[in-house]
Amino acid sequence: MAEGTNYLTETRGLKSWLFTVDHKRIGVMYFWSIMTALFLGGVFAMLVRIELLTPRQTIMSAETYNRMFTLHGAVMVFLVLIPSIAATLGNFVLPLMLGAKDVAFPRLNLASYWIYVAGALFGLYSMIAGGIETGWTFYTPYSTSAGGGVTPMVLAAFILGFSSIFTGINFIATIHKLRAPGLTWFKMPLFVWGMYATSIIQVLATPILGITLILLLMERMFQIGIFDARLGGDPLLFQHFFWFYSHPVVYIMILPGMAIMSEVIPVFSRKTIFGYKAIAFSSIAIAVVGFFVWGHHMFVSGQSPLAGAIFSFLTFLVAIPSAIKVFNWLATMYKGSISLEAPMLYAISFLLLFAIGGLTGLFLGSIATDVHLHDTYFVVAHFHFVMFGGTVIAFLAGIHYWWPKMFGRMYSEKWARVSAVLVFVGFNLTFIPQFIMGSRGMPRRYYNYLPQFQPMHVASTIGSWVLGLGFLIMAGYLFASLRKPYDAPSNPWGGATLEWETASPPITHNFETTPAVTHGPYDYAALRSDA
Amino acid sequence: MNWLRSLLLPAQGSAYASEYDTLFLFITLLSAFFFLLIAATAGWFVWRYRRAREQAPTSMVTQSLALELTWTLIPLAIVMGIFFWSLNQYVGASVAPGDAMEIQVTAKKWLWAFEYQNGTRTVNEVHIPVGKPVKFVMSSEDVIHSFFVPSMRLKQDVLPNRYTELWFTPTTTGMHTLLCAEYCGRSHSDMLGKIWVDDDATFQKWLEEGDESTRTMPLKELGKMLYESRGCSTCHSIDGTRGDGPSLRNVFAHDIKLADGKTVIADANYIRESILEPQAKIVLGYEPIMPTFQGLLREREILALIEFIRSLN
Ligand SMILES: [Cu+2]
Ligand SMILES: [Cu+2]
Numbered sequence: 219m220a221e222g223t224n225y226l227t228e229t230r231g232l233k234s235w236l237f238t239v240d241h242k243r244i245g246v247m248y249f250w251s252i253m254t255a256l257f258l259g260g261v262f263a264m265l266v267r268i269e270l271l272t273p274r275q276t277i278m279s280a281e282t283y284n285r286m287f288t289l290h291g292a293v294m295v296f297l298v299l300i301p302s303i304a305a306t307l308g309n310f311v312l313p314l315m316l317g318a319k320d321v322a323f324p325r326l327n328l329a330s331y332w333i334y335v336a337g338a339l340f341g342l343y344s345m346i347a348g349g350i351e352t353g354w355t356f357y358t359p360y361s362t363s364a365g366g367g368v369t370p371m372v373l374a375a376f377i378l379g380f381s382s383i384f385t386g387i388n389f390i391a392t393i394h395k396l397r398a399p400g401l402t403w404f405k406m407p408l409f410v411w412g413m414y415a416t417s418i419i420q421v422l423a424t425p426i427l428g429i430t431l432i433l434l435l436m437e438r439m440f441q442i443g444i445f446d447a448r449l450g451g452d453p454l455l456f457q458h459f460f461w462f463y464s465h466p467v468v469y470i471m472i473l474p475g476m477a478i479m480s481e482v483i484p485v486f487s488r489k490t491i492f493g494y495k496a497i498a499f500s501s502i503a504i505a506v507v508g509f510f511v512w513g514h515h516m517f518v519s520g521q522s523p524l525a526g527a528i529f530s531f532l533t534f535l536v537a538i539p540s541a542i543k544v545f546n547w548l549a550t551m552y553k554g555s556i557s558l559e560a561p562m563l564y565a566i567s568f569l570l571l572f573a574i575g576g577l578t579g580l581f582l583g584s585i586a587t588d589v590h591l592h593d594t595y596f597v598v599a600h601f602h603f604v605m606f607g608g609t610v611i612a613f614l615a616g617i618h619y620w621w622p623k624m625f626g627r628m629y630s631e632k633w634a635r636v637s638a639v640l641v642f643v644g645f646n647l648t649f650i651p652q653f654i655m656g657s658r659g660m661p662r663r664y665y666n667y668l669p670q671f672q673p674m675h676v677a678s679t680i681g682s683w684v685l686g687l688g689f690l691i692m693a694g695y696l697f698a699s700l701r702k703p704y705d706a707p708s709n710p711w712g713g714a715t716l717e718w719e720t721a722s723p724p725i726t727h728n729f730e731t732t733p734a735v736t737h738g739p740y741d742y743a744a745l746r747s748d749a
Numbered sequence: 364m365n366w367l368r369s370l371l372l373p374a375q376g377s378a379y380a381s382e383y384d385t386l387f388l389f390i391t392l393l394s395a396f397f398f399l400l401i402a403a404t405a406g407w408f409v410w411r412y413r414r415a416r417e418q419a420p421t422s423m424v425t426q427s428l429a430l431e432l433t434w435t436l437i438p439l440a441i442v443m444g445i446f447f448w449s450l451n452q453y454v455g456a457s458v459a460p461g462d463a464m465e466i467q468v469t470a471k472k473w474l475w476a477f478e479y480q481n482g483t484r485t486v487n488e489v490h491i492p493v494g495k496p497v498k499f500v501m502s503s504e505d506v507i508h509s510f511f512v513p514s515m516r517l518k519q520d521v522l523p524n525r526y527t528e529l530w531f532t533p534t535t536t537g538m539h540t541l542l543c544a545e546y547c548g549r550s551h552s553d554m555l556g557k558i559w560v561d562d563d564a565t566f567q568k569w570l571e572e573g574d575e576s577t578r579t580m581p582l583k584e585l586g587k588m589l590y591e592s593r594g595c596s597t598c599h600s601i602d603g604t605r606g607d608g609p610s611l612r613n614v615f616a617h618d619i620k621l622a623d624g625k626t627v628i629a630d631a632n633y634i635r636e637s638i639l640e641p642q643a644k645i646v647l648g649y650e651p652i653m654p655t656f657q658g659l660l661r662e663r664e665i666l667a668l669i670e671f672i673r674s675l676n
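Which chain is which? The protein sequence lines are A and B, in order.
When the letters of the first sequence are read in order and numbered with the working numbering, they come out as residues 219 to 749.
When the letters of the second sequence are read in order and numbered with the working numbering, they come out as residues 364 to 676.
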């Protein structure tokens with residue numbers, strides 16, 4: 219329990235937050251900003267689901283519907299999923315795990331936050347600047363001819379890219395340079411390995427998106443003739459550029475989720491992670507091979523069948539490292555001492571949902587089966603299982619796991635379990651019907667639909683309400699915990715990584731003295747004999 | 364397995380569809396097996412190794428090369444199996460037989476136009492003979508669309524700057540739904556078509572003489588049907604509300620203000636011109652986005668539309 223000051227109380231006032239260079243405060247600011255974006259994106263999603271209760275108009279016009287799903291996608295991808303884990307938990311925990319005082323470039327870190335806010339505001343501005351209805355994928359030539367909101371939204375994504383690159387650079391430098399004495403590469407917690415792999419992709423892939431978006435803007439403003447067929451451009455070129463970034467971005471989103479799993483499962487099983495090196499290297503393998511599979515989004519786009527075959531092959535290859543991780547996590551639980559507090563409940567949810575997400579990926583990586591399923595609800599369900607069932611659920615696991623460290627308070631375990639179960643049930647009810655609709659031939663981004671699909675749409679919409687309720691409850695007990703006095707012990711779960719060796723919440727400089735690394739990150743036996 | 368097939372997949376319209384379903388169901392069962400394996404293992408461990416007391420000792424095993432190899436190589440072998448099966452199916456179905464009947468398809472916001480080799484043209488509806496391969500040669504006039512026929516398990520994007528192809532050999536007569544699968548704007552979800560698979564004799568008769576309904580249905584009714592099936596309804600309402608185009612209610616015999624400042628009376632000739640040469644006179648306050656229906660409607664069909672619009676007063 220914290221006596222004296224901590225990073226939350228050392229200085230006060232809005233300015234002390236807005237101009238802080240403390241990685242923990244920046245992580246917390248990111249946290250609230252991203253939660254706000256998640257709330258907005260969630261509201262857009264609920265509206266979309268309500269509209270789909272009936273096959274024709276329910277509550278909004280076709281234009282509004284198209285704008286809603288575009289905003290939902292853009293907000294969730296660019297403002298929530300990409301920065302979520304890395305910018306909040308990564309920022310907060312990474313230096314602590316390394317026994318460092320801060321990240322390598324604290325000012326750059328603050329800059330990345332401000333750029334994030336600027337990008338977010340641009341994105342929201344597109345709503346009033348004529349609206350955007352291109353879908354978050356901005357496919358040409360639709361996006362080169364569509365209305366006014368496209369320009370600010372594309373600029374927003376461009377700006378947000380820099381925020382992401384800055385975070386990546388910062389983490390790479392921090393991991394190389396600021397490890398505590400004795401913390402060798404293979405003694406680093408796997409969370410750090412995951413962040414390292416993520417950062418590499420952020421730094422290498424994001425510039426491609428930047429270039430693509432600039433070309434798109436030039437096409438819109440000066441008709442340079444690169445993507446628009448009427449001007450002699452090639453619309454498929456845009457898709458290649460776009461997915462060359464946007465497939466790796468899937469790994470920017472999921473690798474941090476996997477990184478959290480590799481912390482939570484051992485701690486709540488009280489057992490050393492199984493296959494440390496296999497997990498660490500599989501992250502790197504995913505980061506590398508992930509750059510060469512983008513064409514699996516384009517099997518029916520008109521790209522050559524040979525290209526399709528190669529992309530299909532590589533896609534199957536990149537599936538293997540993810541499978542390896544799942545088996546290693548399971549093996550970690552074998553003969554452990556397992557307790558099911560909220561973080562572990564989320565970790566188990568992750569295992570099940572991510573397994574479905576991964577296995578349904580087999581249908582889409584396989585070129586013949588993808589032809590029928592492409593651009594249907596099957597794909598929508600698949601990527602929600604990976605992005606929500608994977609990234610968001612892992613994010614929730616991480617929030618519940620590090621909440622005591624971040625804010626110094628314990629939340630209500632009882633309500634946390636209720637909400638975890640509601641989120642799990644609601645999520646499945648929302649998206650399992652979408653698999654069935656999709657394989658039966660219901661295309662995505664449809665405002666009207668054939669009446670035969672209505673029962674499944676209704677089930678899906680009801681699921682979204684259960685999911686929404688789960689989140690409301692979560693907001694309730696998390697806020698409630700903040701009104702209590704500090705009551706979290708420094709190591710509530712019995713973790714062996716360095717962040718649990720300092721107070722909850724930590725002091726501004728993290729550790730009273732630079733910690734000495736005396737045991738491995740998953741060495742719970744050593745922890746026991748210490749005590 | 365038939366119940367699973369009919370739960371997850373639409374009706375089969377070709378031999379390819381049934382091959383497709385076999386692969387689809389194989390992956391489904393395989394996935395179900397692995398999911399149950401993972402779920403059951405997780406469930407069993409959670410129950411079997413639940414924490415009974417705080418200091419319970421745990422196993423010290425931290426790695427096993429044999430295990431890592433097992434769960435790397437077995438999945439690898441399985442996915443490579445799927446890869447080759449799928450590739451084989453895809454390649455086998457990628458090139459149309461030389462004797463396939465060719466139909467040109469033009470996609471535009473938000474309709475499908477078809478042209479047969481004998482010059483017959485249709486919109487949003489296409490007739491093909493059963494048991495014979497047909498090849499659709501497609502291009503778009505504006506953005507990207509995607510030609511999706513669920514019962515054939517086939518889909519192909521339609522692009523503005525190149526021709527793409529899709530072919531199949533239908534094996535069951537009746538109506539097959541055609542959908543647009545690539546998001547293309549406001550009426551994307553209304554960009555539907557009907558593919559009628561006829562027996563040979565019916566098809567030949569249709570190709571020579573056109574639709575039964577086109578010849579015999581009363582004009583007003585035919586006009587109403589065409590208004591829906593030829594895509595007029597995606598831009599024009601009949602109840603007075605404004606869409607991408609003006610409502611067709613109270614147009615006939617009324618004064619129309621044009622973009623160039625002139626005013627015309629909407630008589631039968633004006634309506635005909637609006638349909639065949641929409642860019643000739645642009646209504647004030649609207650974009651010149653209406654596609655031409657020149658060659659896409661038979662004489663009697665144009666008359667029917669005029670009659671229908673007249674009836675909306
Ligand atoms: Cu991808
Ligand atoms: Cu479309």
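Read the hints as simulated data drawn from the structure, not as lab findings.
There's no promise every hint is true.
[Stated by the list, open to error] With a straight-line Cα cutoff of 25 angstroms, these simulated SDA-like cross-link-like pairs (lysine to any residue) come out: (1) A:Lys553 to B:Lys557; (2) A:Lys632 to B:Ala419; (3) A:Lys553 to B:Ala429; (4) B:Lys557 to A:Pro273; (5) B:Lys557 to A:Thr272; (6) A:Lys495 to B:Phe397; (7) B:Lys557 to A:Phe340; (8) A:Lys553 to B:Arg416; (9) A:Lys632 to B:Phe408; (10) A:Lys702 to B:Trp407; (11) A:Lys553 to B:Lys587; (12) A:Lys553 to B:Asn481; (13) B:Lys557 to A:Gln441; (14) A:Lys632 to B:Arg414; (15) A:Lys405 to B:Thr421; (16) A:Lys553 to B:Met423; (17) A:Lys495 to B:Leu400; (18) A:Lys632 to B:Ala402; (19) B:Lys471 to A:Ala527; (20) B:Lys471 to A:Lys553; (21) B:Lys498 to A:Lys395; (22) A:Lys553 to B:Trp434; (23) A:Lys495 to B:Val424; (24) A:Lys632 to B:Trp407; (25) B:Lys471 to A:Met516; (26) A:Lys495 to B:Phe408; (27) B:Lys557 to A:Gln275; (28) A:Lys553 to B:Phe397; (29) B:Lys471 to A:Arg438; (30) B:Lys471 to A:Leu668; (31) B:Lys557 to A:Pro673; (32) B:Lys471 to A:Met439; (33) B:Lys471 to A:Pro273; (34) B:Lys587 to A:Lys632; (35) B:Lys471 to A:Glu281; (36) A:Lys553 to B:Ser422; (37) B:Lys471 to A:Lys632; (38) B:Lys498 to A:Gln275; (39) A:Lys495 to B:Ala429.
So, going through the hints one by one against the coordinates:
1. A:Lys553 to B:Lys557: 59 angstroms, violated
2. A:Lys632 to B:Ala419: Within the cut-off at roughly 24 angstroms; holds.
3. A:Lys553 to B:Ala429: Holds: A:Lys553 and B:Ala429 sit about 18 angstroms apart, inside 25 angstroms.
4. B:Lys557 to A:Pro273: 19 angstroms, holds
5. B:Lys557 to A:Thr272: 22 angstroms, holds
6. A:Lys495 to B:Phe397: 24 angstroms, holds
7. B:Lys557 to A:Phe340: 43 angstroms, violated
8. A:Lys553 to B:Arg416: 14 angstroms, holds
9. A:Lys632 to B:Phe408: 23 angstroms, holds
10. A:Lys702 to B:Trp407: With Cα atoms ~37 angstroms apart, A:Lys702 and B:Trp407 exceed 25 angstroms; violated.
11. A:Lys553 to B:Lys587: Distance ~72 angstroms between A:Lys553 and B:Lys587 Cα, so the pair is violated.
12. A:Lys553 to B:Asn481: 74 angstroms, violated
13. B:Lys557 to A:Gln441: Violated, because 37 angstroms separates the two Cα atoms, which is more than 25 angstroms.
14. A:Lys632 to B:Arg414: Holds, at about 18 angstroms.
15. A:Lys405 to B:Thr421: 20 angstroms, holds
16. A:Lys553 to B:Met423: 9 angstroms, holds
17. A:Lys495 to B:Leu400: 24 angstroms, holds
18. A:Lys632 to B:Ala402: 24 angstroms, holds
19. B:Lys471 to A:Ala527: The given pair, whose Cα atoms are some 30 angstroms apart, is violated under the 25 angstroms limit.
20. B:Lys471 to A:Lys553: 62 angstroms, violated
21. B:Lys498 to A:Lys395: Violated, because 62 angstroms separates the two Cα atoms, which is more than 25 angstroms.
22. A:Lys553 to B:Trp434: 19 angstroms, holds
23. A:Lys495 to B:Val424: 14 angstroms, holds
24. A:Lys632 to B:Trp407: 23 angstroms, holds
25. B:Lys471 to A:Met516: Roughly 21 angstroms separates the two Cα atoms, so the pair holds.
26. A:Lys495 to B:Phe408: 23 angstroms, holds
27. B:Lys557 to A:Gln275: Cα-Cα ~23 angstroms, so holds.
28. A:Lys553 to B:Phe397: Holds. A:Lys553 to B:Phe397 sits at ~22 angstroms (cutoff 25 angstroms).
29. B:Lys471 to A:Arg438: 21 angstroms, holds
30. B:Lys471 to A:Leu668: Judged against 25 angstroms, a Cα distance of about 21 angstroms means the pair holds.
31. B:Lys557 to A:Pro673: 24 angstroms, holds
32. B:Lys471 to A:Met439: 24 angstroms, holds
33. B:Lys471 to A:Pro273: 23 angstroms, holds
34. B:Lys587 to A:Lys632: 61 angstroms, violated
35. B:Lys471 to A:Glu281: With a Cα-Cα distance of about 18 angstroms, the restraint between B:Lys471 and A:Glu281 holds, given a limit of 25 angstroms.
36. A:Lys553 to B:Ser422: With a Cα-Cα distance of about 6 angstroms, the restraint between A:Lys553 and B:Ser422 holds, given a limit of 25 angstroms.
37. B:Lys471 to A:Lys632: Status violated; Cα separation ~56 angstroms.
38. B:Lys498 to A:Gln275: Given that 25 angstroms is the threshold and the Cα spacing comes to 36 angstroms, the pair is violated.
39. A:Lys495 to B:Ala429: 14 angstroms, holds
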